[in-house]
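If you're matching them up, the sequences are chains Z and A in order.
Sequential numbering from 1 applies to the first sequence in the working numbering.
Sequential numbering from 1 applies to the second sequence in the working numbering.
What the hints contain is simulated information worked out from the structure, not anything from laboratory work.
One or more hints might be untrue.
As the list claims (entries may be wrong) - Okay, derived cross-link-like pairs now, BS3-like style, lysine-lysine, Cα gap no bigger than 30 Å in a straight line: (1) Lys57(Z) <-> Lys5(A); (2) Lys55(Z) <-> Lys37(A); (3) Lys56(A) <-> Lys57(Z); (4) Lys70(Z) <-> Lys18(Z); (5) Lys55(Z) <-> Lys56(A); (6) Lys71(A) <-> Lys3(Z); (7) Lys70(Z) <-> Lys55(Z); (8) Lys71(Z) <-> Lys53(Z); (9) Lys57(Z) <-> Lys71(A); (10) Lys37(A) <-> Lys71(Z); (11) Lys13(Z) <-> Lys37(A).
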Amino acid sequence: DVKVTQSSRYLVKRTGEKVFLECVQDMDHENMFWYRQDPGLGLRLIYFSYDVKMKEKGDIPEGYSVSREKKERFSLILESASTNQTSMYLCASRSLWTGRYGYTFGSGTRLTVV
Amino acid sequence: DQQVKQNSPSLSVQEGRISILNCDYTNSMFDYFLWYKKYPAEGPTFLISISSIKDKNEDGRFTVFLNKSAKHLSLHIVPSQPGDSAVYFCAASASSGGSNYKLTFGKGTLLTVNP
Numbered sequence: 001d002v003k004v005t006q007s008s009r010y011l012v013k014r015t016g017e018k019v020f021l022e023c024v025q026d027m028d029h030e031n032m033f034w035y036r037q038d039p040g041l042g043l044r045l046i047y048f049s050y051d052v053k054m055k056e057k058g059d060i061p062e063g064y065s066v067s068r069e070k071k072e073r074f075s076l077i078l079e080s081a082s083t084n085q086t087s088m089y090l091c092a093s094r095s096l097w098t099g100r101y102g103y104t105f106g107s108g109t110r111l112t113v114v
Numbered sequence: 001d002q003q004v005k006q007n008s009p010s011l012s013v014q015e016g017r018i019s020i021l022n023c024d025y026t027n028s029m030f031d032y033f034l035w036y037k038k039y040p041a042e043g044p045t046f047l048i049s050i051s052s053i054k055d056k057n058e059d060g061r062f063t064v065f066l067n068k069s070a071k072h073l074s075l076h077i078v079p080s081q082p083g084d085s086a087v088y089f090c091a092a093s094a095s096s097g098g099s100n101y102k103l104t105f106g107k108g109t110l111l112t113v114n115p
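Pulled out of the complex, with its shape left as it was, chain Z reads as follows (with noise of 0.2 Å):
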């Protein structure tokens, strides 16, 4: 069965710190994607990597940052982290050459900032 896996399913921070998200997948996905998931906002894209050292911004990528560096490994960086910072975030991966057939999700990292 094919995966998304965050490192982490919880986690409090306190303001100011430096946050590392980290997700990897096992299916050999070239593309992957960071998304945060507010209450009545849905889903925002941060980031995306098309491939290996490759990035994009997405829709918010303010007080963000990424590193793929394996092509299995795509990382999430809050510089100093912010209470508005606090969110769901999700992290998820595509085939491309199947990619128009959507997206596959970690389970997802409670982040709080406090």
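Starting from the structure of chain Z, add chain A where the hints point.
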């Protein structure tokens, strides 16, 4: 500019009845549509999809209808079950225009099925 709109934030139905979730889109380049289901503290899971060359796709209790002229699609769940209670996201993609099949999501509709 919201290209995929789910205008009902929530919907409540009785077990056994039909649930109808609606979605509108504005981008005429969209040619593939998907519905995802999301339980709390879990990632969204793919439910059903439809290509723009069709107007209906059915999978068990789930049917998606597409009205291209109205830029509207709907998800029908019959009969509704308590386990269907979740947030449903509508998503769309375009095969051209440089989007490279990137999905655009609506804000979601919370469906509650009451026993």
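Verification of the hints:
As the CA atoms of lysine 57(Z) and lysine 5(A) are separated by approximately 22 Å, the hinted pair is consistent with the 30 Å bound. The suggested pairing of lysine 55(Z) with lysine 37(A) holds, with an alpha-carbon distance near 27 Å, which does not exceed 30 Å. Our distance criterion of 30 Å between C-alpha atoms is broken by lysine 56(A) and lysine 57(Z), whose separation comes to about 34 Å. Taken as a hint, the lysine 70(Z) and lysine 18(Z) pair is honoured in the structure, with Cα atoms around 21 Å apart against an allowance of 30 Å.
Restraint check for lysine 55(Z) and lysine 56(A): not satisfied, since their Cα atoms lie roughly 36 Å apart, outside the 30 Å limit. With a C-alpha separation of about 33 Å, the suggested pair lysine 71(A) and lysine 3(Z) falls outside the 30 Å cut-off, and the hint is violated. As the CA atoms of lysine 70(Z) and lysine 55(Z) are separated by approximately 12 Å, the hinted pair is consistent with the 30 Å bound. For the suggested pair lysine 71(Z) and lysine 53(Z), the alpha carbons sit about 8 Å apart, so the restraint of at most 30 Å is met.
Restraint check for lysine 57(Z) and lysine 71(A): the C-alpha separation of about 28 Å stays at or below 30 Å, so the hint holds. Among the hinted pairs, lysine 37(A) with lysine 71(Z) is consistent with the structure: their alpha-carbon atoms are about 27 Å apart, no more than 30 Å. The hinted pair formed by lysine 13(Z) and lysine 37(A) meets the criterion: a straight-line CA distance of about 29 Å does not exceed 30 Å.
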